[in-house]
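Line order of the protein sequences matches chains A and B.
Per my numbering, the very first residue in the first sequence carries number 425; after that it's consecutive.
Per my numbering, the very first residue in the second sequence carries number 425; after that it's consecutive.
I should point out that these hints are in silico values taken from the structure, not numbers from a laboratory.
Note that the coordinates shown come from a computational prediction; the quantities given were computed from them, not determined experimentally.
There could be a bad hint or two in this list.
The list makes no distinction among identical chains, and a pair is therefore deemed to hold if it is satisfied within one copy or across any two copies.
[What the hints assert, rightly or not] Mimicking DMTMM-like on lysine to aspartate or glutamate, the simulated pairs with C-alpha atoms at most 20 Å apart in a straight line are:
1. K646 <-> E885
2. K716 <-> E501
3. K856 <-> D511
4. K767 <-> E824
5. K886 <-> E844
6. K666 <-> D576
7. K859 <-> D511
8. K646 <-> D812
9. K848 <-> E542
Now for the letters of each chain:
2 protein chains.
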Amino acid sequence: MLNARRLGIDTQSEVVVFMRRDCPVCRSEGFAAHSRILLRAGNRHIIATLFQVTGDLIGDCEAALSESAWERLGVEEGDAITVEHPDPLDSLGYVRSRIYGNTLNENALHTIVRDIVEGKYSDIHISAFVTACATRPLERSEELALTRAMVDVGERLSWNAPVVADKHSIGGLPGNRTTPILVSIVSALGLTIPKTSSRAITSPAGTADMMETLAPVELDLKTMRRVVEQEGGCVVWGGAIKLSPADDIIIRIERALDLDTEGQLIASVLSKKIAAGATHLVIDMPVGPTAKVRDADTAERLSAGLVAVAGAFGLKTFVVPGSGLQPIGRGMGPALEAQDVLKVLKRAPDAPADLRDRSIALSGALIELAGAAPAGRGEAAAAQVLDDGRAWAKFQRICEAQGGMREPPVSQHRQPLLAERRAKVLGIDNRKLAKLAKLAGAPESKAAGLELHVGLGDSVEKGQPLCTVHAEFAGELAYAMNYAHGASDIFVLHDI
Amino acid sequence: MLNARRLGIDTQSEVVVFMRRDCPVCRSEGFAAHSRILLRAGNRHIIATLFQVTGDLIGDCEAALSESAWERLGVEEGDAITVEHPDPLDSLGYVRSRIYGNTLNENALHTIVRDIVEGKYSDIHISAFVTACATRPLERSEELALTRAMVDVGERLSWNAPVVADKHSIGGLPGNRTTPILVSIVSALGLTIPKTSSRAITSPAGTADMMETLAPVELDLKTMRRVVEQEGGCVVWGGAIKLSPADDIIIRIERALDLDTEGQLIASVLSKKIAAGATHLVIDMPVGPTAKVRDADTAERLSAGLVAVAGAFGLKTFVVPGSGLQPIGRGMGPALEAQDVLKVLKRAPDAPADLRDRSIALSGALIELAGAAPAGRGEAAAAQVLDDGRAWAKFQRICEAQGGMREPPVSQHRQPLLAERRAKVLGIDNRKLAKLAKLAGAPESKAAGLELHVGLGDSVEKGQPLCTVHAEFAGELAYAMNYAHGASDIFVLHDI
Chain A
425 MLNARRLGID
435 TQSEVVVFMR
445 RDCPVCRSEG
455 FAAHSRILLR
465 AGNRHIIATL
475 FQVTGDLIGD
485 CEAALSESAW
495 ERLGVEEGDA
505 ITVEHPDPLD
515 SLGYVRSRIY
525 GNTLNENALH
535 TIVRDIVEGK
545 YSDIHISAFV
555 TACATRPLER
565 SEELALTRAM
575 VDVGERLSWN
585 APVVADKHSI
595 GGLPGNRTTP
605 ILVSIVSALG
615 LTIPKTSSRA
625 ITSPAGTADM
635 METLAPVELD
645 LKTMRRVVEQ
655 EGGCVVWGGA
665 IKLSPADDII
675 IRIERALDLD
685 TEGQLIASVL
695 SKKIAAGATH
705 LVIDMPVGPT
715 AKVRDADTAE
725 RLSAGLVAVA
735 GAFGLKTFVV
745 PGSGLQPIGR
755 GMGPALEAQD
765 VLKVLKRAPD
775 APADLRDRSI
785 ALSGALIELA
795 GAAPAGRGEA
805 AAAQVLDDGR
815 AWAKFQRICE
825 AQGGMREPPV
835 SQHRQPLLAE
845 RRAKVLGIDN
855 RKLAKLAKLA
865 GAPESKAAGL
875 ELHVGLGDSV
885 EKGQPLCTVH
895 AEFAGELAYA
905 MNYAHGASDI
915 FVLHDI
Chain B
425 MLNARRLGID
435 TQSEVVVFMR
445 RDCPVCRSEG
455 FAAHSRILLR
465 AGNRHIIATL
475 FQVTGDLIGD
485 CEAALSESAW
495 ERLGVEEGDA
505 ITVEHPDPLD
515 SLGYVRSRIY
525 GNTLNENALH
535 TIVRDIVEGK
545 YSDIHISAFV
555 TACATRPLER
565 SEELALTRAM
575 VDVGERLSWN
585 APVVADKHSI
595 GGLPGNRTTP
605 ILVSIVSALG
615 LTIPKTSSRA
625 ITSPAGTADM
635 METLAPVELD
645 LKTMRRVVEQ
655 EGGCVVWGGA
665 IKLSPADDII
675 IRIERALDLD
685 TEGQLIASVL
695 SKKIAAGATH
705 LVIDMPVGPT
715 AKVRDADTAE
725 RLSAGLVAVA
735 GAFGLKTFVV
745 PGSGLQPIGR
755 GMGPALEAQD
765 VLKVLKRAPD
775 APADLRDRSI
785 ALSGALIELA
795 GAAPAGRGEA
805 AAAQVLDDGR
815 AWAKFQRICE
825 AQGGMREPPV
835 SQHRQPLLAE
845 RRAKVLGIDN
855 RKLAKLAKLA
865 GAPESKAAGL
875 ELHVGLGDSV
885 EKGQPLCTVH
895 AEFAGELAYA
905 MNYAHGASDI
915 FVLHDI
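Using the sequences and the accompanying hints, generate a full structural model.
The following block contains the structure:
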C-alpha cells in the first residue's frame with residue numbers, strides 16, 4: 425500500500441508513476457524501471473509506466489503520479505494506492521495480427537481503441553498500432569470500424585434540431601480561418617451549427633487559438649448548449665468536450681512520426697463530427713504541393729473515402745476542393761488571423777478577398793447540402809447575409825454569448841522580411857511560413873506570427889516587404905528572423 | 425541557460441528532461457510537454473523528451489535530468505545546460521520509406537541505427553522502426569546491413585588468437601544453462617572463448633544472473649581480458665562491455681510489443697558475436713511448441729539465415745537444433761540453475777543427464793567447427809574432458825580469476841505444487857513455468873525460482889510433488905502459489 429503524491433509533472437497523455445527503487449513493493453513485485461504497472465485507488469484503476477527513483481525525491485511509501493495519472497486515478501494527496509502487475513494486454517495480439525498482414529475486424533479495432541483510451545497502451549504500443557495501420561492502407565471496412573470505435577469510446581452529443589451543420593478543414597494551409605465567418609453566415613440563416621475547433625497541433629494557430637483572441641472558447645458542454653440554443657451556432661474549443669478522445673492520443677503519435685495516412689485521417693475527422701452530432705458536413709480540402717493534400721488524385725480518393733464512410737453513419741458530406749498554393753488571408757498567428765476575420769465580417773475595404781470568397785464558397789455548399797437554399801443558390805444566399813451585416817451581428821452575439829467579445833492583442837516587436845531584388849513572386853512555401861510564424865512565438869504568444877504583404881504573381885521592388893514578422897518578445901523575433909534569413913525560398917522569386 | 429540537476433529517476437534508455445512549465449526557456453522556445461528538445465553541455469549534446477513541471481519540485485532555472493540523460497550528457501550538479509529545438513530527424517524518412525513498402529539500403533539502416541544509439545529516437549520512433557521491420561520480412565540484404573550497422577555503432581573486440589570460439593542460445597527454454605559447462609570444456613581443451621552473457625530479459629534467469637551466484641560477472645574489459653589470457657575462457661555479463669548497444673535498446677521495444685522477427689533476431693545475435701570478435705560460433709536452437717522457435721520449418725529457415733549472414737562477416741556458424749519440449753535440468757532461477765551446473769561439472773550422481781548431454785553436444789559441435797577435433801569426434805573429446813575433471817578444475821579457476829568463487833544462496837521459503845491425481849505427465853508449459861518462477865521472485869531474488877521433480881512421460885501418484893517453488897520472501901511465495909493454483913495445465917496430466 426502506497427500513498428498518492430502529486431508531483432505536478434505533465435507528461436501529456438503518457439501515464440507515469442514514480443516510485444522508489446528500494447520501496448518494498450518494487451522489490452516484492454519485481455518491478456523494474458519502465459515496467460507497466462497497474463495502480464488501484466478506490467474503485468478506479470490505471471496502467472502506468474514506472475520510473476524508478478533513487479535518492480530522496482520521493483518517500484519510501486509514496487506513489488508519485490504524473491498529472492495524467494493523477495487525473496485518471498482521481499485521487500487526493502495521501503490516498504491509498506495499491507500496485508500490481510497488469511493483466512497481459514490481449515489487444516496487442518490484434519496489432520501484431522495487422523503487422524503480420526491481416527485485416528482487422530470491428531471487434532479488434534474496438535478493443536484496441538478502448539484500450540488506448542483507457543490508458544493501457546504505452547507510447548510504444550500506440551506507435552506500433554499507428555505504424556501497422558500505415559504499412560498497408562486501411563480497408564474500407566477497417567476505416568468504418570475504426571471510425572465507429574473512435575466514436576463509441578467517447579462522449580456523443582445530440583441536438584434538438586433536424587439538421588445539425590458542421591464544417592471541417594483538411595489542414596496545411598496557413599491562415600485559412602473561414603470557420604467563424606461560416607458559422608456566422610450559416611447560423612444567421614437559421615441553421616444549427618455547434619462548431620468545436622481545435623488548437624494548433626503543428627500550425628501557428630488553430631481556429632480555437634484564433635477565436636480565443638475574440639471571445640472565451642473553453643466552454644463546458646452546458647454553456648456550449650446554452651450558446652447554441654440562443655444563437656444557433658458557436659465556435660468553441662473541442663478539447664473540453666472530449667469527443668473522440670482516442671483521436672487526440674493517436675494524433676500525438678502520428679505527429680511524432682510525421683505519418684499521415686488516409687484511413688487514420690478519415691477516422692479522425694469523421695469520428696469527431698459523428699460524435700458531435702452532425703448531420704450535414706462540408707469539408708474544405710485545399711490541394712497544393714505544400715498543403716496536406718498535394719495533388720488532385722489524392723484529393724479525389726480521399727474525398728470518396730470521406731463521403732462513403734460518413735454516409736455509412738448517416739452523415740451527409742460534401743467536399744469542397746480548393747487551391748492550396750498560397751495562404752488564405754494575410755495574417756498567420758492567433759491575433760493576426762483574427763484581424764482578417766474581423767475585416768471580412770465588418771466588410772472593411774481592405775478585407776482579404778480570398779478569405780471572403782472561400783468562406784462564401786464553403787457556406788454556400790453547406791447551405792445547399794442542408795437544404796436551406798436550392799442547388800446553385802447557396803453562395804448567393806451566403807454573400808447576401810454577409811453583405812447586409814447579419815453575419816457580423818450574429819458573430820458579435822455569439823461572442824457575447826460565449827462570455828464576452830474582446831479585442832485581439834497587438835504585437836510589441838515587428839520586423840519586415842524584404843525582397844532582395846526586383847522580382848515576381850512565383851511560389852510561397854506554406855510549411856516554411858508556418859515554421860517562421862511558430863518561431864516568432866505563435867500560437868503560445870497570441871499576438872505573434874506574421875503578416876503577408878504579397879501573393880502569388882505579385883511583382884515586388886528591391887527592398888519591398890514580403891511579410892512582417894510579429895513577436896511579443898525580442899528574443900523570439902530574433903530567433904524567427906535568423907531562420908528567415910537562413911531559409912532559402914520561403915518565397916520563390918523570379919527576376920523580372 | 426539552465427543548471428543541471430540530477431533527479432535520480434531511472435527511465436531506462438528513454439532520455440527525459442524535467443523543466444518548469446513557466447521557465448523562461450520553455451516560454452521563449454515554445455516547448456510543450458512531451459516535446460523533443462536538444463540539450464547541450466560543454467561539447468556534448470543529447471535529445472530528450474521534455475516533461476514539464478508545475479509547482480516547486482524543481483527550480484526556475486533548472487534542467488533536471490533522468491539517469492540516462494545525466495549519463496549521456498556527462499554533467500555535474502549545477503553545470504550549465506543550454507536547450508534548443510533539435511534538427512528534424514531525417515532518418516525517420518527511411519523508417520517511413522520502409523513503412524510505405526520500400527527496402528532499406530546500408531546507408532539508411534546505418535543512419536537509423538546510429539540515431540537510435542545516439543538517443544535521437546524516442547520510444548515512439550523506435551517502435552515504428554521495429555514495427556516497420558516486422559510487417560514484411562527483412563530482405564537478406566537488409567539483414568546484412570542491419571547487422572553491420574549494429575556492429576559499427578558499438579565497441580568491437582579483438583583477441584590475440586586465431587580461433588575465437590563463441591556460443592549462443594536462441595532462448596525460450598528455461599534452465600538451459602549449458603554455457604558455463606561448455607566454456608569450461610572448450611577452454612580446458614585450449615581454445616579461446618571470451619563468453620559474454622546477458623541477464624534475464626523475460627526469463628527467470630539469464631546466464632549472467634546464474635553465473636553471478638558463483639562468481640563476479642560485472643567485469644570491465646581489462647579484467648575480462650586478463651581472465652581470458654590466463655584461462656582461455658570466461659563467463660561475464662556483456663552489459664558492461666557495450667557490444668552492439670543498439671541491440672539492447674531495440675530489444676526493450678520488441679519485448680514491450682512481444683514482437684520477435686527473424687531478421688531482427690539474426691541481426692541481434694550476430695551483431696553481438698561479430699562485435700565480440702568471434703570467429704567460430706555454435707548456436708543452440710531448441711525447437712518446440714512453447715520454445716522461441718516453434719517448428720522445424722522455422723528452425724531451418726532461421727538457421728539458414730544465421731549461417732548465411734554470419735558467413736558474410738567471416739564468422740563460421742553451426743546451428744544445433746534440439747528438443748524444446750521441456751526444460752533442461754531441474755532448476756529455474758539463478759541459484760537453482762547454478763546447482764544443476766555444479767552437479768554436472770562435479771559429476772554428481774544426481775546430476776541432470778539432459779543438461780550434461782546438451783552441454784556435450786554443443787561443446788562437441790564447437791570443438792569440431794573450430795578444428796580442435798576431427799569430424800565426428802567432438803562429443804567424445806568433450807565428454808572426456810568433463811569426465812576426467814579437467815572441466816570442473818577449469819571452471820573453478822575461471823571463477824577465481826573473475827574475482828573469487830562463491831556458494832549460491834539458498835531460499836528461505838518453499839512450497840511444493842502437488843499432483844491432484846494419479847497421472848502421466850504429457851506436457852510441460854515452459855512459458856507458464858517461467859512465469860511461476862518469476863512471480864516467486866527470480867531473477868531479482870537470486871535464490872528464488874523453482875525445482876522440477878518430473879519430466880515428460882513420468883507417472884505421478886496423487887499428492888506427489890511436481891515441482892517446488894522457492895522464494896526469498898513469504899509474500900512472493902504466496903503470490904506464485906496463487907498463480908500456480910489458478911493457472912491450468914502448467915503440467916498437462918493424463919489419467920492412468
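Hints, one by one, checked against the model:
In this assembly of identical chains, K646 and E885 lie within 20 Å of each other by CA distance neither inside one copy nor across copies; the values are 54 Å within and 69 Å between. With identical chains, the CA atoms of K716 and E501 are never at most 20 Å apart, being 45 Å at best within one copy and 45 Å at best between copies. In the homo-oligomer, the alpha carbons of K856 and D511 lie at most 20 Å apart only across protomers (14 Å), although the nearest pairing inside one protomer, at 46 Å, exceeds that limit. Proximity of K767 and E824 under a CA criterion of 20 Å is satisfied intra-copy only: 18 Å inside one chain copy versus 85 Å between copies.
In the homo-oligomer, the alpha carbons of K886 and E844 lie at most 20 Å apart inside one protomer (5 Å), although the nearest pairing across protomers, at 93 Å, exceeds that limit. Taking the shortest alpha-carbon separations for K666 and D576, only the intra-copy value of 12 Å comes in at or below 20 Å, while the best inter-copy value is 47 Å. For the homomeric pair K859 and D511, the shortest alpha-carbon distance between copies (13 Å) is at most 20 Å, but the shortest distance inside one copy (43 Å) is not. Taking CA atoms no more than 20 Å apart as the test, K646 paired with D812 passes in neither setting, with 32 Å inside one copy and 86 Å between copies.
In the homo-oligomer, the alpha carbons of K848 and E542 never lie at most 20 Å apart, since the shortest distance is 54 Å inside one protomer and 44 Å across protomers.
In terms of the numbered hints stated before, the structure departs from hints 1, 2, 8, 9, listed from lowest to highest.
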